[in-house]
Every structure is written in C-alpha cells, then in structure tokens.
Amino acid sequence: MNFVAEFLVSAALIVSGIFGFVGSYGLLKLKHTLQRLHAPTKATTLGVGGVLIASMIFFYADTGHISVHELLITLFLFLTAPITANFIAKTHLARNLRRNELPESTGDFGWSVYDDPPETRLDT
Amino acid sequence: MIEYSLLFAAGCYGAALLLDLWRIVVGPDAADRILALDTMVINVIALLVLYGVWRGTAIYFEAAMLIAMVGFVSTVAYCRFLLRGDIIE
Chain A
1 MNFVAEFLVS
11 AALIVSGIFG
21 FVGSYGLLKL
31 KHTLQRLHAP
41 TKATTLGVGG
51 VLIASMIFFY
61 ADTGHISVHE
71 LLITLFLFLT
81 APITANFIAK
91 THLARNLRRN
101 ELPESTGDFG
111 WSVYDDPPET
121 RLDT
Chain B
125 MIEYSLLFAA
135 GCYGAALLLD
145 LWRIVVGPDA
155 ADRILALDTM
165 VINVIALLVL
175 YGVWRGTAIY
185 FEAAMLIAMV
195 GFVSTVAYCR
205 FLLRGDIIE
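Here the protein sequences come in this chain order: A and B. Just so we're aligned, residue 1 is where the first sequence starts under this note's numbering, counting upward by one. Just so we're aligned, residue 125 is where the second sequence starts under this note's numbering, counting upward by one.
Mixed in with the good hints, there may be bad ones.
As the list claims (entries may be wrong) - Simulated pairs of lysine to aspartate or glutamate, EDC-like, Cα-Cα distance not exceeding 16 Å:
| id | chain 1 | residue 1 | chain 2 | residue 2 |
| --- | --- | --- | --- | --- |
| 1 | A | Lys-29 | B | Asp-156 |
| 2 | A | Lys-90 | B | Asp-156 |
| 3 | A | Lys-90 | B | Asp-153 |
| 4 | A | Lys-31 | B | Asp-153 |
| 5 | A | Lys-31 | B | Asp-156 |
| 6 | A | Lys-90 | A | Glu-101 |
Source of the hints: derived by calculation from the structure; they are not laboratory data.
Go ahead and model the full structure; you've got the sequences and the hints to work with.
Set out below in structure tokens:
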C-alpha cells in the first residue's frame, strides 16, 4: 500500500476517533437532556462516517476495487440519526412537560405528543 | 502507521463506550438512557468496522449493517413505548 493511501486512512481514523470520543464526552458533560441530545447524534455520526471513509480507502488501496457496503451503512446512519433524535426529544417532552407548558400549536390540532392523530386531515 | 491509528481509534471508541455506560447508570431520565443506548450502538458499529479493517476482511460490514438496523428499530420501539404506552397500535 502506498504512502498516500496509508496517510489518508490514518488521518480519517484519528479524526473519527476524536469525533466519537467527543460525542460521548458531550453526552456525559452537558447539563440538560435536550442539550445532551446535541452531542452524540451529530458527533458520533460524523465519527462513524470517518471510520467508514477510512475503511473504503483501505479496501480500495488493498484490493483495487471500490466496495459500497460502507456507503450503505453511512446512508443508513445518516437517514436514521435525525429520526432517532426526534423520537428521543418527543419522549423527553412527553415525560417531563405538561400540556399547558408548551405554546399552542399553530395548526387545527394539538401537539402530536399529547393528542391522538386526527381521523381525517382537514387541511388536505 | 495504520496499526497505530487503528489502535488509537479503537481506544477512543472504547472510552466512549465507557462514558455511555456511565450515562446509562446516572441518567436522570429515561430519554437519557435511550440516547446513551443509541450512542453505544453507533460506537459498536464503528468498532466492528475498525475490527474489519484490522483483520483485512469485509465480513464485518454485514454485521455492522445488521446492528445498525436492530439498533434503530429498538430505539424507535423503546421511544414509542414510552410515548404511547404501546409499540404497534
């Protein structure tokens, strides 16, 4: 393996390791639950992205053809991280805030955390 | 050079797993624990890919993909359970 590929793989690995550690350290250090939501869902996803980029470069330099498994994992993580963060934030709201502590929703229905879904949507 | 950076990254993710475990133990809210579990799943995915690079084999990508899917589904199921008291209504 030539020096450039080795250097690129090492740099991606070190950057991703730092990102992953910072994500979990932020999870431990930040004060509030919604603040803690910020750290892992961004930094750890970037860290895993770095690891997968390093692995792509490594296997391309090792075997000579590009593998797309890593792109699948990256795509899956990038798609699911916002959904997970949204669900965890909704869980925190539903368990720690009462209905009258939130501002009114601007639509015809209340917040989906507290209200059942409407049978028919009137705005479509 | 790759060996040392692999060791460094694996050490970083191992320490990150320990920090997540600490957050699971002390977490004052259920949402904190779910978040820490989700972060542990993501760190384990990174560790699996690192192990695959270390061994020079591509077998572990399927395992990482499966763990990513199972982690996402379990996080959403746990949140649904806490939100609505039921997973599939």
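Do the hints match the structure? See the list:
With a C-alpha separation of about 12 Å, the suggested pairing of Lys-29 of chain A with Asp-156 of chain B holds against the 16 Å cut-off. With a C-alpha separation of about 12 Å, the suggested pairing of Lys-90 of chain A with Asp-156 of chain B holds against the 16 Å cut-off. Our distance criterion of 16 Å between C-alpha atoms is met by Lys-90 of chain A and Asp-153 of chain B, whose separation comes to about 13 Å. Simply put, Lys-31 of chain A and Asp-153 of chain B have alpha-carbon atoms about 12 Å apart, close enough for the 16 Å limit, and the pair holds.
A hinted pair counts as satisfied when its Cα atoms are at most 16 Å apart, and Lys-31 of chain A with Asp-156 of chain B qualifies at roughly 11 Å. Between the alpha carbons of Lys-90 of chain A and Glu-101 of chain A the distance comes to roughly 14 Å, so the proposed pair stays at or under 16 Å and holds.
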